[in-house]
Amino acid sequence: MNDRVAIGPREDVNDANSYGRKVLALEALSSLADQFARRPELQNLIDALTLTVSGQFGVTSAYIITRDSDSISQLPVTSATGRFRRDVSVYELDQVALDLPVLLADPRPRRLDDPILQKLDSPILTTWQQLGAHLVAPLVLGEKIIGIMLLGPRINQAPFAERDLELLQTLIATITPLIANSFLYSEKAHLSERYRLILDSVHQAIFVFNSQDFLRLANRTAVELIASLTDVGVESGPVGLPLKAVFPDAVFPGWVERLQSARQENESRPLSTMVATPSAGRRIFSVRIGSLAGLAAVEDETVVTLQDITEQQDNERRMFELEKFAEQGVMASSISHELNNHLGVLLGGVELATFNLSRGNQEKVAQTLAKLKDGVERMGRFTAGLTDFARVNAATQPGRINDVVTDVLSFAMAQKRFSRINVKTMLTQKVPAILMDRDQIAQVVINLLNNAADAITETGRSDGIIIVSTTASGSEVILSVSDNGRGMTTETRDKLFKTHFTTKPKGHGYGLMTCARILEHHSANIAINSQVGFGTTFELRFKTASEAPGN
Amino acid sequence: MDSQAFVPTAVSDGTVLIELGRSLDNNNAEDLVRAITGAQAHGSKYIVLDCQRLEFISSAGVGAILGTIDASRDQGGDIVLCQVPETVAQVFRVLDLWDFLTILGARQEALAACRTR
Numbered sequence: 001m002n003d004r005v006a007i008g009p010r011e012d013v014n015d016a017n018s019y020g021r022k023v024l025a026l027e028a029l030s031s032l033a034d035q036f037a038r039r040p041e042l043q044n045l046i047d048a049l050t051l052t053v054s055g056q057f058g059v060t061s062a063y064i065i066t067r068d069s070d071s072i073s074q075l076p077v078t079s080a081t082g083r084f085r086r087d088v089s090v091y092e093l094d095q096v097a098l099d100l101p102v103l104l105a106d107p108r109p110r111r112l113d114d115p116i117l118q119k120l121d122s123p124i125l126t127t128w129q130q131l132g133a134h135l136v137a138p139l140v141l142g143e144k145i146i147g148i149m150l151l152g153p154r155i156n157q158a159p160f161a162e163r164d165l166e167l168l169q170t171l172i173a174t175i176t177p178l179i180a181n182s183f184l185y186s187e188k189a190h191l192s193e194r195y196r197l198i199l200d201s202v203h204q205a206i207f208v209f210n211s212q213d214f215l216r217l218a219n220r221t222a223v224e225l226i227a228s229l230t231d232v233g234v235e236s237g238p239v240g241l242p243l244k245a246v247f248p249d250a251v252f253p254g255w256v257e258r259l260q261s262a263r264q265e266n267e268s269r270p271l272s273t274m275v276a277t278p279s280a281g282r283r284i285f286s287v288r289i290g291s292l293a294g295l296a297a298v299e300d301e302t303v304v305t306l307q308d309i310t311e312q313q314d315n316e317r318r319m320f321e322l323e324k325f326a327e328q329g330v331m332a333s334s335i336s337h338e339l340n341n342h343l344g345v346l347l348g349g350v351e352l353a354t355f356n357l358s359r360g361n362q363e364k365v366a367q368t369l370a371k372l373k374d375g376v377e378r379m380g381r382f383t384a385g386l387t388d389f390a391r392v393n394a395a396t397q398p399g400r401i402n403d404v405v406t407d408v409l410s411f412a413m414a415q416k417r418f419s420r421i422n423v424k425t426m427l428t429q430k431v432p433a434i435l436m437d438r439d440q441i442a443q444v445v446i447n448l449l450n451n452a453a454d455a456i457t458e459t460g461r462s463d464g465i466i467i468v469s470t471t472a473s474g475s476e477v478i479l480s481v482s483d484n485g486r487g488m489t490t491e492t493r494d495k496l497f498k499t500h501f502t503t504k505p506k507g508h509g510y511g512l513m514t515c516a517r518i519l520e521h522h523s524a525n526i527a528i529n530s531q532v533g534f535g536t537t538f539e540l541r542f543k544t545a546s547e548a549p550g551n
Numbered sequence: 001m002d003s004q005a006f007v008p009t010a011v012s013d014g015t016v017l018i019e020l021g022r023s024l025d026n027n028n029a030e031d032l033v034r035a036i037t038g039a040q041a042h043g044s045k046y047i048v049l050d051c052q053r054l055e056f057i058s059s060a061g062v063g064a065i066l067g068t069i070d071a072s073r074d075q076g077g078d079i080v081l082c083q084v085p086e087t088v089a090q091v092f093r094v095l096d097l098w099d100f101l102t103i104l105g106a107r108q109e110a111l112a113a114c115r116t117r
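The listed protein sequences derive, respectively, from chains A and B.
Under the UniProt record's numbering, think of the first position of the first sequence as 1, with each following residue one higher.
Under the UniProt record's numbering, think of the first position of the second sequence as 1, with each following residue one higher.
Derived from the structure by calculation, the hints contain no laboratory data.
Watch out, some of these pointers could steer you wrong.
No farther apart than 25 Å at their CA atoms in a straight line, the calculated lysine to any residue pairs in the SDA-like style are these [what the hints assert, rightly or not]:
{"#": "1", "chain 1": "A", "residue 1": "Lys-373", "chain 2": "A", "residue 2": "Met-319"}
{"#": "2", "chain 1": "B", "residue 1": "Lys-45", "chain 2": "A", "residue 2": "Pro-153"}
{"#": "3", "chain 1": "B", "residue 1": "Lys-45", "chain 2": "A", "residue 2": "Ser-192"}
{"#": "4", "chain 1": "A", "residue 1": "Lys-22", "chain 2": "B", "residue 2": "Val-94"}
{"#": "5", "chain 1": "A", "residue 1": "Lys-22", "chain 2": "B", "residue 2": "Thr-87"}
{"#": "6", "chain 1": "A", "residue 1": "Lys-22", "chain 2": "B", "residue 2": "Lys-45"}
{"#": "7", "chain 1": "A", "residue 1": "Lys-22", "chain 2": "B", "residue 2": "Ser-23"}
{"#": "8", "chain 1": "B", "residue 1": "Lys-45", "chain 2": "A", "residue 2": "Arg-85"}
{"#": "9", "chain 1": "A", "residue 1": "Lys-22", "chain 2": "A", "residue 2": "Glu-166"}
{"#": "10", "chain 1": "B", "residue 1": "Lys-45", "chain 2": "A", "residue 2": "Arg-86"}
{"#": "11", "chain 1": "A", "residue 1": "Lys-22", "chain 2": "B", "residue 2": "Asp-99"}
{"#": "12", "chain 1": "A", "residue 1": "Lys-22", "chain 2": "B", "residue 2": "Ala-89"}
{"#": "13", "chain 1": "A", "residue 1": "Lys-22", "chain 2": "B", "residue 2": "Pro-85"}
{"#": "14", "chain 1": "A", "residue 1": "Lys-416", "chain 2": "A", "residue 2": "Asp-454"}
{"#": "15", "chain 1": "A", "residue 1": "Lys-22", "chain 2": "B", "residue 2": "Gln-90"}
Chain A side only, calculated, beta carbon under 10 Å to chain B, not exhaustive [unchecked claim]:
{"#": "16", "residue": "Glu-27"}
{"#": "17", "residue": "Thr-60"}
{"#": "18", "residue": "Arg-154"}
For each residue, glycine too, the CB sits at the ideal point set by N, CA and C.
One chain only, chain B, in its complex shape (with noise of 0.2 Å):
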């Protein structure tokens, strides 16, 4: 996947989505890092992440998450997964990020989630 995949679009105000291909991991976590930090400098406080797509994420990918979830929570917002793959969700509870990472199921969920917020 190159990084033109991750175009956040805005959904609402301070809301952006993000739709993840099929591997998030040391290819294009960088690239999804300028995606949401570009985001975030747009004022967007919500990022939701659609993982309806992702079969493997590697712990680039979650870092790639990680790194830039302070800049979303500092200011009042969030970075929200949703539609996660099992195989996915297995490996943030390995990684016992479950219950840190706000991760809802389908899209439109997510994003009255922050609409709500």
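Excised from the complex, chain A in its bound form (with noise of 0.2 Å):
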């Protein structure tokens, strides 16, 4: 090209050359230096560093390999000017190391024509020549190879000279450390990267704040709370802003006195629930406050840990509300299989009297009919006090337990369902008296000969027997409930007293539940001894009256 040079070269040349270039070399490494001063991160600095090696040594192509930290994922980083290409990596620095030992053995840059190198005949070289390089210069800091510099020809296609190898030797060994620092800068970059995603994708909302008070950090779903109840937009977002901007009084009741007392007595604990007010309706938090006061470099810090529970405490209040209203319903089928329990044995009285009435036994229509009038009153005795049985606190009076088991057999019998069945008593006699509501105790016992009855009903056997008895035993009272019915199997005993269990077609699970309520009602144990197809025995155990808690 004739018009090339418009500017003409001037006279001096060489020694003033060699001058001029180490200047510029002192100028290039303070430049750099600046920059890891300003930006150091290893990106911008090895950026910064390909570029003034390139203009140093007159080279158009320049390539620098080097890793994103010395400890976390070393992934490689590179720069890349003129024909290199920063998408290519040139082998894994280790490799290099491996393969190339002498530039870690002794550290300089070399052509790739070194006949040290090319003695060594190692793939890598071959790929940097098809690559176009032409000299590798190795960054190494102490026993490691932490990044690899090639550059291209030069432009002025000259070689390189033994005084460019040494000056580029010294800007590299000047600007290996800052890469290395910059390691760290990088270490720090990744864990600040990394805590923030794992700030950002945990659901409570995170504020710390500082001891001025000021929001110094806020993870996304603290920043889209604030967003939502706020004028604070997710934009501007609420980093910066001290706590009463945070969380406005107009919106957050009371939470400014209540966080900063909190952290004055140090608590590291949840607050319980703190409720906000925002015009789009009433929202609750579950709100955890901590320090990180003591942790080293950190000043003194407070988090401030948020979590949206108004659906959660709406669920557990429908819950709650769902299981009353189920709790009543069980009720409700509980009164009714009593009340029914009642009506059976006061049907077997009318069956009694009209029988007695048929045969012209006055005598006994008029026994009958005391009874009958008896039952109708523990019937409402029964009704009247339902409020005080749903909470099985009725009261209790010393009482004998033949007595009850003798009452209730007189009635009972006299029902359908013990018509075929032999029902005996062993009623051993004075034993001590028990503390009792005679009417719940009857209920129980009601509902274990019934229990019983059907039991043998169910196997269809015609030597059906029913053995109630009774025994003292040092301080206890034993009534017994023996039958020879078909018997269970553990499974079903475990699940006896749980509500709705019943092993009976027509059953409703209640009669047991109901029995056990009383039981725990006065203190007494449940014991049941049972064997499939051979019966099946209720032990109740109560304590004396002399020895029942409370006396």
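The task is to assemble the complex, starting from two chains supplied on their own in separate frames and drawing on the hints.
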């Protein structure tokens, strides 16, 4: 090109140039150090380095590969100008050290046609030459190659002179520690990024306030939460705002005082729940406050964590209501079950009275009617005491269990379900009195007798027998009801006192549940011995009146 | 100087002009690389760098030109410098690049040279 040089070269050459190169190299070093001070990120640093070296040594292609850190992910970080491409990775640095150990042992820039390198006959060299590299400079720190610089041909086609190599070595020796330092920034950036991602993935809103009550950090949930409840937008975000602006009193009534007081008390626990009252509707939060004080290099910061539990609380309330509703249903069924038992007994009495009436046995009719009256009165007491019963809180008085058993049997036996069953009593005379609610214990006895009868009926056997016995044992009075019905498996026995559990085709599962409640109220124990095909014994153990709790 | 200063202006078919500011160094060398490679990617064979205001060029600044020059020359074009101040010219001479860079005088001369090639 004829018109190539419009400003002619000056006369000063060689010596002056040599001096000028050094000045420029110093300028480059100072400029890179300045770059590191201002923008210490690794990528910035090696980008500046490739351009600087390219300019310094007049090469049109330069390439640096290093790693993003010394310890974390060790991903390659590259910088390239000219014909080199940034996305080309030229071997793992560890492999370079293994294949070309001289670069670690004697770390200085070398031409790729250096006989020492050529003698090693490494495929890495071939790759570099194919990429157009003429010179390799290892970036060595301590015992490690932390990076590789490759330079392409010089624009003036001149070979790299020894003084170029020396100058490059000086430059690299100065820059390498900067690169190593940049790892720290890279690691810090990695960690920050990781923590940021972790924090942002958390569903709780996390706020970090400094000692002056200014918000220093907020995760995504926190930013979105504040944006949804206050005037602070997502874009501007709450970071940098004071506590009272983050939690304005109009939306978060009393929060600032409560948080400040919790922090002063150095509490690190949930502050139960706190309520926000934005225009969109009341929200309930579980709030936790913690302190970062004492952590190295962290000023006295406070972490506030919020979890919106409005829906959770709503659900819990709904569940509670549903349970209450279900409980009422259970109670109603239970009452109905007991009334049926009483009615069954009364019906038996009516049938007995009718039978005696037909026989003209006025005396027995009168006796039966008197007992029917007792039964009706018992039902009356039962219904009148429903409220107490619901709480299983009836009054107890000393009484004899034998009397209750006799009383119940005299009526119950008139029921049809006992017509084919031989009911025997083995009542020990003079059993001590127990503290009891007679009607409730009668309920228990009726339930046990009915269950025993049903268990026998299900077998279809004609030799069904129920034995009701009472004994005294130390400070206890034991009432047993045994049958030779179908018996139960262990599994059935374990579920026996649970609500809704029944083995009867038309059963409710309330009878024994009610018994259990009554017995619990009487501090009585219940034991069940049962064998499938042989029968079952319910054994109730009551404390004698003198031993009973509360006496 | 920020990257916005490097706005390639199309002056003729295949030629763009980029005016450099007072300094070309580590702070903006990468930006110049991006401006030039962007223009190259859009088919500009000739990039004219007007250095009239340029007072200081660092090694990185020189590297930005050298690192992009092959792409232009491979396409039969070039990166042409014009109105180069003496202080900057001195840097190119020291680096032994004077003969290998296309350095012309006035801007019009540079643009005309690009057209006639």
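Hint-by-hint comparison with the structure:
Straight-line distance between C-alpha atoms of A:Lys-373 and A:Met-319 comes to about 44 Å, which puts the hinted pair past the 25 Å bound. Restraint check: the Cα-Cα separation between B:Lys-45 and A:Pro-153 comes to about 22 Å, which is no more than 25 Å; the hinted pair holds. Of the supplied pair hints, the one linking B:Lys-45 and A:Ser-192 is violated, its CA atoms being roughly 43 Å apart against a limit of 25 Å. Using a Cα cut-off of 25 Å, the hinted pair A:Lys-22 and B:Val-94 holds, with the two alpha carbons roughly 10 Å apart.
With a CA separation close to 16 Å, the supplied pair A:Lys-22 and B:Thr-87 stays within the 25 Å bound. Our distance criterion of 25 Å between C-alpha atoms is broken by A:Lys-22 and B:Lys-45, whose separation comes to about 34 Å. Restraint check for A:Lys-22 and B:Ser-23: satisfied, since their Cα atoms lie roughly 20 Å apart, inside the 25 Å limit. About 20 Å separates the Cα atoms of B:Lys-45 and A:Arg-85, which keeps this hinted pair within 25 Å; it holds.
Distance check on the hinted pair: A:Lys-22 and A:Glu-166 sit about 11 Å apart at the alpha-carbon level, within 25 Å; holds. Annotation: proposed proximity of B:Lys-45 to A:Arg-86 holds, straight-line Cα distance about 23 Å (limit 25 Å). Between A:Lys-22 and B:Asp-99 the alpha-carbon distance is near 21 Å, which keeps this suggested pair within the 25 Å criterion. The suggested pairing of A:Lys-22 with B:Ala-89 holds, with an alpha-carbon distance near 17 Å, which does not exceed 25 Å.
For the hint linking A:Lys-22 to B:Pro-85, the alpha-carbon distance of about 21 Å falls within 25 Å, and the restraint holds. With a CA separation close to 11 Å, the supplied pair A:Lys-416 and A:Asp-454 stays within the 25 Å bound. Restraint check: the Cα-Cα separation between A:Lys-22 and B:Gln-90 comes to about 14 Å, which is no more than 25 Å; the hinted pair holds. For the restraint placing A:Glu-27 at the interface with chain B, the shortest Cβ-Cβ distance is roughly 6 Å, inside the 10 Å limit, so the hint holds.
Given the 10 Å rule on beta carbons, the hint for A:Thr-60 holds: about 5 Å separates it from the nearest Cβ of chain B. Checking A:Arg-154 against chain B: minimum C-beta separation of about 8 Å stays under 10 Å; hint holds.
Hint compliance for this structure: hints 1, 3 and 6 are not met, and every other hint is.
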